[in-house]
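Keeping their order, the protein sequence lines are chains U and G. Per full-length UniProt numbering: the first sequence = residues 1 to 347. Per full-length UniProt numbering: the second sequence = residues 1 to 897.
There's no promise every hint is true.
Straight-line distance between alpha carbons at most 16 Å, and here's what the computed EDC-like set of lysine to aspartate or glutamate pairs gives [said to hold, decoys possible]:
(1) G:Lys669 / G:Glu763
(2) G:Lys716 / G:Glu686
(3) U:Lys317 / G:Asp192
(4) U:Lys131 / U:Asp309
(5) G:Lys131 / U:Glu179
(6) G:Lys669 / G:Asp782
(7) U:Lys265 / U:Glu238
(8) G:Lys49 / G:Asp192
(9) G:Lys131 / U:Glu168
From the derived model, a few chain U residues whose C-beta atoms are all more than 12 Å from chain G [as the list claims (entries may be wrong)]:
(10) Val81
(11) Leu110
(12) Ala128
(13) Gly170
(14) Glu179
(15) Pro193
(16) Pro220
(17) Asp230
(18) Glu231
(19) Pro239
(20) Lys241
Just so you know, the hints here were simulated from the structure itself, not pulled from any lab data. C-beta: ideal position from N, C-alpha, C; glycine also.
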Amino acid sequence: MIERRAPAHTVPAVARRDVLRLAGASAAGWIALGATPDRMRIVASLTALPLDDELTRRSMTDSPTSRLGGLIVGLRQRGWVEGVNFRLELRSTFGAPDRLTTAVQELLDLKPDVILTGSTVETAAVLAATKTVPVVFATANDPVGNGFVESLAHPGGNVTGFTNSTAEMGGKWLQLIREAVPDVARVGVLFNPATTPRGGRFFLESIEQEAAACGVSAVPAPVNVPTEIDEAIRRFSEPPKAAMLALVDSFLVVNRQAVVAAAAKYRVPTIYPFHYFMDVGGLMSYGPTLEVRSADYVDLILRGTKAGDLPVQSPRKYELLINRTVARTLGLTIPFTLLARADEIRE
Amino acid sequence: MNEPADQEPLRTPPGRLFRKYLYAIVALVFAALAISTGFDVWFSYREQKQLLAATQREQAASAAIQIGQFIGQIENQIRWLARLPPELSSNEDERLNAIRLLRLSPAIAEIARLDAQGREQVRVSRRVADKVGSNADLSTSPAFRGANDSRAYYGPVYFFGDTEPFMTLATRGTGRAPDVIVAEVNLRFIWDLVAGIRVGNTGKAYVVNRMGVLIAHPDLWRALQRSDLSGHADVRAALDGVGPPSGGLVKEDLSGQRVLSTYATVPSLGWLVFVELPLTEAYAPIYASIGRSTFLLVILLVGAVLVSLVLSRRMTVPIQVLTQGAKRIGSGDLGQRLAIKTGDELEALGDQFNRMAAHLRESYATLERKVVERTSELEKARDQALAEHDAAERARSAAVAANETKSRFLAVVSHELRTPLNGVMGVLQLLDDGSLSEAQRRHLATAAASGETLIALVDAVLEYARLEASTEMLETRDFRLDQLIEAAADLMRPQALDKGLTFGLAGDATVNTAAHGDPVRLNRILLNLIGNAIKFTPNGGSGVNAAAERRDDHVLLRITVRDTGIGIAPDLHERIFEDFVQADDSIARRFGGTGLGLAIARRLTRLMHGELAVESTPGAGSTFTLEVPLGLAGNGIAQGALAPPSRQLRVLLVDDDPVNCEVGEAILKRLGHRATVARNGTSAVELARDQAFDVILMDLHMPDMDGVEAASRIAKLGLPKMPRIIAVTADVSRSARERLAGAGIAKVVSKPILINALREAIEDDPAQETTATQLAAGALIDRHFLEDQRELLGAAQIDKLHHLLDETGEKLIEDITKAAATGDHARLARSAHQLGSAASALGLVRLFERCREIELAAAAMPLLECPSAARELAALRVASMSALDNLLRPSGQRSLD
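Excised from the complex, chain U in its bound form:
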């Protein structure tokens, strides 16, 4: 482990770092790195989202709440300034499996110092292509199950990253949507088998277990292409009273507007795993707060720490977001138990 200019324990609080110190840190960073100024580090990012997506747009990078923006701000706090001593290379697969291989190869040809992957699909593709370039995955539901890591505490190899929702979260989603829609009889589970862990089975087991416990039926609604989304949701607009669960699925994130639009259109109460869906008008979402910590690991890796020595981090906070306007539109009354639990209630 090499000497580090910026201590890792620093919280990402910009207030503590004034501009002066930032400038000093960047300059001092080179020296501390023992790197020549012309040694430009390459941080590559591979995502399924289109590059013009709100979540990946460069104009958003100043916002630490976005995944990429958080990374850039975090790296800057640790002495890495884009364009000065590292270059960020973004590649997107656009959710298309055929584009994936090309994008991975393009990135590897750049000989990046570290590759950030967006979700399980991209992680698997990159890991299949290289065993040496460090890989940090932003979300992975089941890295051990997917064979990405040996264990969460000691991943080994050239990969580490962050887990997302655990498998039991399926039951939690079901319970929450059932509280919002007390008279629900069936619950549709929306996912793309190609981009969902274990083809959806990762969550379905807890969903089906909970459904059985509370007497509703859980109906998988797999979609493979965006055009199927509308039809998949429409099927739950008809009685008996139905609600839907959107699983953790990069495909759904990419097509979140279509999903939310279809849910509104067919008046199907839907719970989502990420707040991204709320931003485009979703009813409610429950999932781990994605505390942006990838900058920490990228920094450590750029300074020479082996990715395999860094433990895979799990989420520790979960947040419930509810849009009451959407709920009223759907004729739903949000009970106390949900309101008490909600971290944010949008009107």
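Please build the complex by placing chain G on the supplied structure of chain U, with the hints as guidance.
What follows is chain G alone, placed relative to chain U:
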């Protein structure tokens, strides 16, 4: 004293004192500062370290308290939940309460409510679906039992999902059948707390549980790795209950950085909170302090050096000024004033120097003034003395001139008297050719006697004049004493008998001997004394006693002349020897005479180093006693008064007066010599050149050229045999004698010419006489000059010159002799000149003049004459030196001859 050579070693190198002061002050200040700073830094270092350790311990304790509070807060919250009365709420309400608590406390991941029997009533979770009324029996769970056993249960840390540190917390409610609330706490939330603990700038705090496993670390991933730190020595020691070292522990942290570490225990949990501060930061204030101290030390040192420079300058500059001032004063610059304004003892010292210099200056001024005064006094005295000397000199000159005038007058008068007398006497002598009648012969005798008397009178005057002028010279030769005395007695006896007086001569046997002296003068004294005895004795008689006492180197002749005459009054016993004095005027009338007789006798006696004394009683007669030392006679004294000449000489008689010429020629013929007459100087020179003469009788007063010049010309003729020149003159003054000596004329025959005197002069062969005897002391040395020199130079200097002359003279004579032998004329001239110069310095006039003559004549001097000239000079030098010896000898020791 003021020579630079003496001052050079005294010169102090400038700045030595300055450097000494400078180094001393700098060293002192440096030592003081260094010691002070050293102690300061040492104590500061120790205090800082202890302070640091104390601060860190406090931070650790504070962190431990915060963590304890964090857990305690959660405990309080679940205790609140546990103490809600069960009857107040349904299960659904209990779920709501639990949800509220989850919102309140994010660290709680799950809450379960168990009834008193351990059956699960409600379970609310963030990850899984809530459960209500599951009644699962959890009575055997450690949490339930722990909560029942004590007020609160703190479970061990466990890791959920392999990475997440969790802990079970349980509390029991109140009442008869209290519920138990079990909460699963996600300890990752301590991370926020731990990351928030500020330990310096770069320090950190981390937490390990009772097993030594890392549960919270600012580097989150380290905690997630489930790192077991129990293998670390400090953790192990802490787990074993060993207290943290008071000064903190220095160790390497997980990233290999050297840190100062300490810890505190979280109360009730038993966790350890380690606080670590990198040494670079921990000791930074200490290093900074040391740096500041060092910087300060350097600044102070520089200051000290500057201050030392100033101080040293202020101390040394006045001292240097003092030194230079002292040096200047030492070198005599007393006008120097030292300007030291230090306001301390140095200024006082400088003032003292100034005062001393002022005193010295005054003293010098006084001294100089006195010297000037004395000098002017001396100058005045000298001027006066010189003036007096000049006056005396003038007086002396006047006296000398007067004396010379007198001498000249006497000489002229005697010459003028004697010239005619000479003629008269000569004619009288010639008249007796044996054919005269008795009457004629008697007349002739009377005339001759009268002439003789007249001549005697003139002679007396002349002689007195000579004596007066100290020009009388003894003309010594060997003679028989008995003959002299008998002749005088025979001469005077007739007079005594004529007066009817008795006349007795009692010659002791001792006088039957020969002696060396001036018989003529001695005879004159005797005749005078006997004449007086006869003259002043009316009746009775007179008698002459003579005795000669042989001494070592001379014969003391004592002659007593007694009479029974009128006698002399005692008060006149000495006066009668004075000039022109007779016992009284009546005597002069009665007896006649010049009154010069005794004066001349006394002077002649003195001239011969003898004594003439009188014993007399008026009316009873007088006794005159003459004592004269005479030299011992050589052998072969001719017996008989008129011995024929040893050989016939060719004599040139030079005189302008025809009478004198005739008389002189006649006398010469009578004496058996062949005479040639020259009537003037020119013809005399011509005759001398043309004919060979043995002797030239030269009258000095001639119209065309005087005798001296004629003699000089003859000397310059370079004749093969230089004739002896005898001057015939009535002028017997000293200057005349000197002129004669200069012209090589040593013999003088006074006019009128007496046969005996002429015979002696002619037959006095110089070859048989030593030069020394020929020359009198008076003529060898200019006494006046010598006296003047002695007065001028002092006796010591004269002595020195005397010795010098002795030495150089000897050497020069050698040179002259050699030069003469080799015929080196130039050298002869040079050496003669040198000898003459040397001789002149002490008034050896004869030597000087002879030297000059030889010098002048050297170039033309025939080779044969050179050795004789050299011999002459040598003899002259010896004689001069011995005469000089006599003169310079203290008067009491002066030799008699």
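- Determine which of the earlier numbered hints do not hold for this structure and return their numbers in increasing order. Checked against the structure, the hints that fail are numbers 6, 8, 13 and 14, while the rest are satisfied.
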